[in-house]
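Protein chains in written order, with this note's numbering: chain P, 1 to 150; chain X, 1001 to 1150; chain Y, 2001 to 2150; chain D, 3001 to 3150.
Some hints could be false.
Derived lysine-lysine pairs resembling DSS-like cross-links, with alpha carbons at most 30 Å apart [claimed, not checked]:
1) D/Lys3110 with P/Lys110
2) Y/Lys2110 with Y/Lys2131
3) P/Lys131 with D/Lys3110
Don't read these hints as lab results, they were simulated from the structure.
Number of protein chains: 4
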Amino acid sequence: MTRFEPRDPAWEARCRAAFDAQPIVRTLGIVMVRLEPGLCEMRLPFNPDFTQQHGFFHAGMVSTLADNAGGFAAYSLMPAGSEVLAVEFKINLMAPARGEVMIARGRVLKPGRTLTITTVEVAMLDGGAEKDVAIMQQTCMALSGGAGDR
Amino acid sequence: MTRFEPRDPAWEARCRAAFDAQPIVRTLGIVMVRLEPGLCEMRLPFNPDFTQQHGFFHAGMVSTLADNAGGFAAYSLMPAGSEVLAVEFKINLMAPARGEVMIARGRVLKPGRTLTITTVEVAMLDGGAEKDVAIMQQTCMALSGGAGDR
Amino acid sequence: MTRFEPRDPAWEARCRAAFDAQPIVRTLGIVMVRLEPGLCEMRLPFNPDFTQQHGFFHAGMVSTLADNAGGFAAYSLMPAGSEVLAVEFKINLMAPARGEVMIARGRVLKPGRTLTITTVEVAMLDGGAEKDVAIMQQTCMALSGGAGDR
Amino acid sequence: MTRFEPRDPAWEARCRAAFDAQPIVRTLGIVMVRLEPGLCEMRLPFNPDFTQQHGFFHAGMVSTLADNAGGFAAYSLMPAGSEVLAVEFKINLMAPARGEVMIARGRVLKPGRTLTITTVEVAMLDGGAEKDVAIMQQTCMALSGGAGDR
């Protein structure tokens, strides 16, 4: 796996502040358990309030966690003063998201001046064992002038 | 726009029952406002608890509504006794999801024996005007043997 | 369908010159049959040399034509002096690409300062009738400093 | 990396025969350099006839090689008597496809009864060094009744 050099010495504090500033993170109980340059792992305990008709996490929840993990993997390599924005992603849902905890591991494939490409693996801890649930490919954009300026 | 003939005479009751059986729908307050063969529109009132760090709906919420609308557009054309499963989707986030109500309109592009392709447009009602927010391309699968059997 | 105002008065000459400068266009015989601001249609006559094992156009050929049509729909709205680059796309292959002529119609969904989102419909003329073959969602980038600078 | 057990004892002969039956492979000069259960590597020498306006391989060529490599990684795990069909893919183009030889390495992430998910990494050999060019996520379908029956 490629090792990346952050461009912003304060990358970690910047990422943690932006993560904590997301109301959805507190509402759902998403926890960031690992953050390194180009790498981010997040976890979300299973919650029956956010399931579909078969009792598994809804695909939207899988996307929420994966998009967040990929976005912060990307943001860790962006310059000081930037904002991060996911401009698109594609997700393959490979197995039902059933179990105790959902885990998303995002990592940067290609950092760029404007665009950063990530991949995110999503698994469920189910009876103590990890099972692959989904895979995402995502494009993030570094913004300096606010979220509307793409 | 193509008109489709449902294969299951009881398609509407089947779809409404599956929609109502989703806990996430009640938790978030998603409403299905239109359901026709190959077409589904859903709405979600803005909720600050599900926003990202800039105060807009998180991309995961945009995906949740879009995936749901596309899935039920597809499910309306599936045979009696089937289950619907989104196996993958791709979403482009075109503008911040800010406003009073999010609207997702899914429609079937190609129904198949096993796979059904949909497209979903997502907009926000913002000060009374609709603004495009995202566009999704999605593949749904008709299952007869439970969600694990892909 | 949205009408777009080009930012570059010489948009048409700029697009046609870039299209003609592509060796692959001459090799395959791709023809640009329609070019408007935010819109581009291309055609490719069937060629058995570019088929897969069942005698239909290979999915790579479908992608080649779709990517090109989407890229030029996007490029028509980009500023003078820019280059266009497709940074990602997603394609659903809905039916075999069999027939006499492949047609790709790209149109811009959202033009941006840096990123432009397009959708492309691909059909085959087969015995005189058009049949849907594929649908693409694509992100293009406007570059001023060369193709490596993303 | 996961090791997979092929379901068809004659998987290798079946894959090689289908690969050889593709006219596009001969036309472009695609070579299959590695084939294992769930894994496939293909190579394509640079050819200026298939370039875009900046002299790099067109994105359609990158897609052609990647789709082919992913498809055969998937096909290696499919049952005897099946056909393989790529039903959708998504590709991120990360750097210009410049150099002497394009390399695509496909591997299966999740084999299924009907659908198989793959990821494909594309690189260029450029002055002897490998440079990442693109990444694809792909869904393949096992067919028993011909390519039209999705």
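Hints, one by one, checked against the model:
1. D/Lys3110 with P/Lys110: holds (24 Å)
2. Y/Lys2110 with Y/Lys2131: holds (26 Å)
3. P/Lys131 with D/Lys3110: Within the cut-off at roughly 11 Å; holds.
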